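Asker: Chains as they are written, first to last, in my numbering: chain A, 5 to 226; chain B, 5 to 226; chain C, 84 to 311; chain D, 84 to 311.
No wet-lab data here; the hints were simulated from the structure. There's no promise every hint is true.
[To be verified] Stretch by stretch, here's where chain C covers chain A in the computed footprint (C-beta under 8 Å, at least three residues):
hint	region
1	16–30
2	100–109
3	189–199
[To be verified] Residues of chain D placed beyond 12 Å of chain C at every Cβ, according to the derived structure:
hint	residue
4	Arg88
5	Ala90
6	Asp101
7	Ala176
8	Leu255
Model, not experiment: these values are computed from the prediction. The C-beta atom is built at its ideal place from N, Cα and C for all residues, glycine as well.
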Amino acid sequence: MPVKPLTRDEIARRVGRDIPDGAYVNLGIGLPTLVANYVPSDREVVYHSENGILGMGPAPKPGEEDPDLINAGKQPVTLVPGAAIFHHTDAFAMIRGGHIDLALLGAMQVAANGDLANWATGDETFPPAVGGAMDLGAGAASVWVLMDHTAKDGTPKILERCTYPLTAAGVVDRIYTNLAVIEVTVDGLLVREMAPGLEFDELQGRTGAKLRLANDWRTVTV
Amino acid sequence: MPVKPLTRDEIARRVGRDIPDGAYVNLGIGLPTLVANYVPSDREVVYHSENGILGMGPAPKPGEEDPDLINAGKQPVTLVPGAAIFHHTDAFAMIRGGHIDLALLGAMQVAANGDLANWATGDETFPPAVGGAMDLGAGAASVWVLMDHTAKDGTPKILERCTYPLTAAGVVDRIYTNLAVIEVTVDGLLVREMAPGLEFDELQGRTGAKLRLANDWRTVTV
Amino acid sequence: MLDKRVASLADSVAGIRDGATVLIGGFGNAGIPVELIDALIEQGAKGLTIVANNAGAGRTDIAKLMATGRVRKIVCSYPRSAGSVVFEELYAAGKIELELVPQGTLSERMRAAGAGIGGFFTPTAAGTKLGEGKETRMIDGRLHVFEAPLRGDVALIKAETADRWGNLTFHLSARNFAPTMAMAADLTVVQARRVVELGRIDPEQVVTPGIFVDRVVEVANPQAAGQA
Amino acid sequence: MLDKRVASLADSVAGIRDGATVLIGGFGNAGIPVELIDALIEQGAKGLTIVANNAGAGRTDIAKLMATGRVRKIVCSYPRSAGSVVFEELYAAGKIELELVPQGTLSERMRAAGAGIGGFFTPTAAGTKLGEGKETRMIDGRLHVFEAPLRGDVALIKAETADRWGNLTFHLSARNFAPTMAMAADLTVVQARRVVELGRIDPEQVVTPGIFVDRVVEVANPQAAGQA
Numbered sequence: 005m006p007v008k009p010l011t012r013d014e015i016a017r018r019v020g021r022d023i024p025d026g027a028y029v030n031l032g033i034g035l036p037t038l039v040a041n042y043v044p045s046d047r048e049v050v051y052h053s054e055n056g057i058l059g060m061g062p063a064p065k066p067g068e069e070d071p072d073l074i075n076a077g078k079q080p081v082t083l084v085p086g087a088a089i090f091h092h093t094d095a096f097a098m099i100r101g102g103h104i105d106l107a108l109l110g111a112m113q114v115a116a117n118g119d120l121a122n123w124a125t126g127d128e129t130f131p132p133a134v135g136g137a138m139d140l141g142a143g144a145a146s147v148w149v150l151m152d153h154t155a156k157d158g159t160p161k162i163l164e165r166c167t168y169p170l171t172a173a174g175v176v177d178r179i180y181t182n183l184a185v186i187e188v189t190v191d192g193l194l195v196r197e198m199a200p201g202l203e204f205d206e207l208q209g210r211t212g213a214k215l216r217l218a219n220d221w222r223t224v225t226v
Numbered sequence: 005m006p007v008k009p010l011t012r013d014e015i016a017r018r019v020g021r022d023i024p025d026g027a028y029v030n031l032g033i034g035l036p037t038l039v040a041n042y043v044p045s046d047r048e049v050v051y052h053s054e055n056g057i058l059g060m061g062p063a064p065k066p067g068e069e070d071p072d073l074i075n076a077g078k079q080p081v082t083l084v085p086g087a088a089i090f091h092h093t094d095a096f097a098m099i100r101g102g103h104i105d106l107a108l109l110g111a112m113q114v115a116a117n118g119d120l121a122n123w124a125t126g127d128e129t130f131p132p133a134v135g136g137a138m139d140l141g142a143g144a145a146s147v148w149v150l151m152d153h154t155a156k157d158g159t160p161k162i163l164e165r166c167t168y169p170l171t172a173a174g175v176v177d178r179i180y181t182n183l184a185v186i187e188v189t190v191d192g193l194l195v196r197e198m199a200p201g202l203e204f205d206e207l208q209g210r211t212g213a214k215l216r217l218a219n220d221w222r223t224v225t226v
Numbered sequence: 084m085l086d087k088r089v090a091s092l093a094d095s096v097a098g099i100r101d102g103a104t105v106l107i108g109g110f111g112n113a114g115i116p117v118e119l120i121d122a123l124i125e126q127g128a129k130g131l132t133i134v135a136n137n138a139g140a141g142r143t144d145i146a147k148l149m150a151t152g153r154v155r156k157i158v159c160s161y162p163r164s165a166g167s168v169v170f171e172e173l174y175a176a177g178k179i180e181l182e183l184v185p186q187g188t189l190s191e192r193m194r195a196a197g198a199g200i201g202g203f204f205t206p207t208a209a210g211t212k213l214g215e216g217k218e219t220r221m222i223d224g225r226l227h228v229f230e231a232p233l234r235g236d237v238a239l240i241k242a243e244t245a246d247r248w249g250n251l252t253f254h255l256s257a258r259n260f261a262p263t264m265a266m267a268a269d270l271t272v273v274q275a276r277r278v279v280e281l282g283r284i285d286p287e288q289v290v291t292p293g294i295f296v297d298r299v300v301e302v303a304n305p306q307a308a309g310q311a
Numbered sequence: 084m085l086d087k088r089v090a091s092l093a094d095s096v097a098g099i100r101d102g103a104t105v106l107i108g109g110f111g112n113a114g115i116p117v118e119l120i121d122a123l124i125e126q127g128a129k130g131l132t133i134v135a136n137n138a139g140a141g142r143t144d145i146a147k148l149m150a151t152g153r154v155r156k157i158v159c160s161y162p163r164s165a166g167s168v169v170f171e172e173l174y175a176a177g178k179i180e181l182e183l184v185p186q187g188t189l190s191e192r193m194r195a196a197g198a199g200i201g202g203f204f205t206p207t208a209a210g211t212k213l214g215e216g217k218e219t220r221m222i223d224g225r226l227h228v229f230e231a232p233l234r235g236d237v238a239l240i241k242a243e244t245a246d247r248w249g250n251l252t253f254h255l256s257a258r259n260f261a262p263t264m265a266m267a268a269d270l271t272v273v274q275a276r277r278v279v280e281l282g283r284i285d286p287e288q289v290v291t292p293g294i295f296v297d298r299v300v301e302v303a304n305p306q307a308a309g310q311a
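Pulled out of the complex, with its shape left as it was, chain A reads as follows (with noise of 0.2 Å):
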């Protein structure tokens, strides 16, 4: 059977239903931000931006955007009933504090102590731009990384330890790949499910740190 990796919507579909009901999620840039459209309709989850928002609905249609609603890509987003709005600091507050019951986020590295490095890569020719991954990373009660599990290169993006400056040290929980689903525990990586037609060994192949087997691993579903 030819390994079948998830694409970004089926990374997203999945990580939607892990996401629980009722929880206050602030999805980052990106792929995260496609989550929103796969999580259960039975559940209610609500959207927290850095730019003071929390009930962010879905994008607006063409023509009805408001540019002074947008979320912290920028972009023209909508409010759901119970919505509230406040300013930058109280934002922050909420993510410092340990509000934000889960942040999803992406990644260019992790490593298997959960260190996170998603805002720059070292590449001094370019000015360095953190936006709120630190304070995301250090305060948001859970993290979870969505990412390709390997650079496009086939390079590893998940490691025994972060080459990249790090964004925050120990917060990752779980890291959610096109090939793997991966728990981070104090044991280090332990992978949950694999895509479908993936060996194990070829998986770790394409890591940079030691990975275990769940015994109760499953092909990941979507």
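Go by the hints and put chains B, C and D onto chain A.
Answerer: Then chains B, C and D, alone, in the frame of chain A:
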């Protein structure tokens, strides 16, 4: 000419004349509260209360009190047009951040270096209480003290060094008493005004710190 | 479904444990959650640390809770006020511990706990008896003291309007400590005069976003606090 | 009479000095005070330090100010965004200094300045490159870094409604940094879409109390920010 000490209302009236137009003012409990009655009517002064009010107006008419609209002394108040309500933390951000132009406070003792003692006598048989006194002392841009010049038994309340526990160190800018208006300068206490009929030597005799008389001193008028 | 409404006052305080630190909103008699305090008295937790601006007045609410003997310690700025007889008796008898904190520092310490701040330097109380024993630092030529966050296991607060997500508005100066205490506790319990349908509170007028609230109970006609 | 209204945009930025630190509200294109920035460009102050979340986009507002060469340094969390060409050119040419600050720390540092807090410990950036060189402290088993207050000489912000005392409301997520910056500057200048009669803003719905505001100018139809 016999000495004519100021009454409480006369002290309040004298202070009222000095409140600048447009000032943000916090009035302490007791004598300072009276000052609002005597600010010239062509000046717009915004009164702040530690429990989250800017723009307090006069006491409500009997029967029109709202138990949810009280000042820091727990007395019912009203709001003027332009008032704002906020929470305690913001109320004290205004104080600590130096945004309150002027705090008018009562005092047990004031020292020649501007030290303020207005929260405790050191008598440990009563439980101590401090309220917002230390925040106001440390935070307000200017602190003016309103008090009787001496204790009831004639003991001076203006001293070289406070004997009671301090509220805040070196913060008092002016002292208005029933006998004098005194400025706290880097060179010590400068008497700007004296009550009608009062001789400087007599004032000095009722004061526990060295006074200087301003060249342009005047008799207090109210 | 995210529904923070609970059916009864008893449910609203269920699970509060002996030894808990309980933040109680209110300043003077405005904003005191009388019914939640009565429910806590009924619930029976003991050895409590109470954080509140005042130490109760009269024989109701905080004073009534203290009179049960179940308050080990009170953290407040102004324990001695008109009618604070219960506190004064307990204090004189050595039956209650008092931690006196300047009012703004009290509020800021709770805010720090809610905002994930590990501590801060403030000029308030520097050079005074209440600053004794604290770490000090000169900052911009002014003496500051270090203050630690003050977290509650529980906060009991009173609101004007709530929805099932826990979004809150408050009535005038009854707002006082409530928004800060809501942030600072692991379990924030709210008694609201009206519980309205989700979406009825304008998002721009929400004062405390529901993320800071855990349980909401409607008390349409709350008692006045501080009665004799 | 307390009247913070000024007659013109030119009056609103009068007196801003060379070398000033200017806090500029906005996140993305929401809440950017485009007309105030244009007035500052016209006014001519140079050697400025700009504190803003982003480093401008397109060729208008913050980008336009930077393009004049009058910005010595920018303090922000996310200088590199779609269309931040002016900043990138200046940065590559070594003509602008960048202080990169995590977004929540940026906001909290300004809040500390506004609230009279001498500094605070935060877990954000601890153990990272942006935490290097900072004082650290273990608090409750977590590494924290010390952050100092960040004060502005001037804040330029955009509001929806203002009155002559400077009470403000904001429109949706255009609120972002404005209430915090208003607290943190010696001179806070506001462009408001509508200036209303005193008393027209419900006291419970005031977001920024006028005490934090110094000058108000009405700009009824503000330009969009970030245009090419």
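Asker: The structure should be examined with respect to each hint, and the outcome stated for every one.
Answerer: Outcome of the hint check:
1. Check on the region 16–30 of chain A: 3 of its residues sit with their Cβ under 8 Å from a Cβ of chain C, so the three-residue criterion for coverage holds.
2. For the region 100–109 of chain A, the stated coverage by chain C is satisfied: 5 residues place a CB nearer than 8 Å to a CB of that chain, which reaches the threshold of 3.
3. Remark: the region 189–199 of chain A is not confirmed as covered by chain C, as 0 of its residues place a Cβ nearer than 8 Å to a Cβ of that chain, below the required three.
4. The claim that D:Arg88 is not at the interface with chain C holds, since no C-beta of that chain comes within 12 Å of its own (minimum 23 Å).
5. Every CB of chain C lies more than 12 Å from the CB of D:Ala90, the least distance being 29 Å, so the non-interface label holds.
6. Even its closest Cβ contact with chain C, about 23 Å, leaves D:Asp101 beyond 12 Å, as expected for a residue assigned away from the interface.
7. Against chain C, the non-interface label of D:Ala176 holds: every CB pair exceeds 12 Å, the least being about 35 Å.
8. Once the 12 Å rule is applied to beta carbons, D:Leu255 is inconsistent with being away from chain C; the minimum gap is 7 Å.
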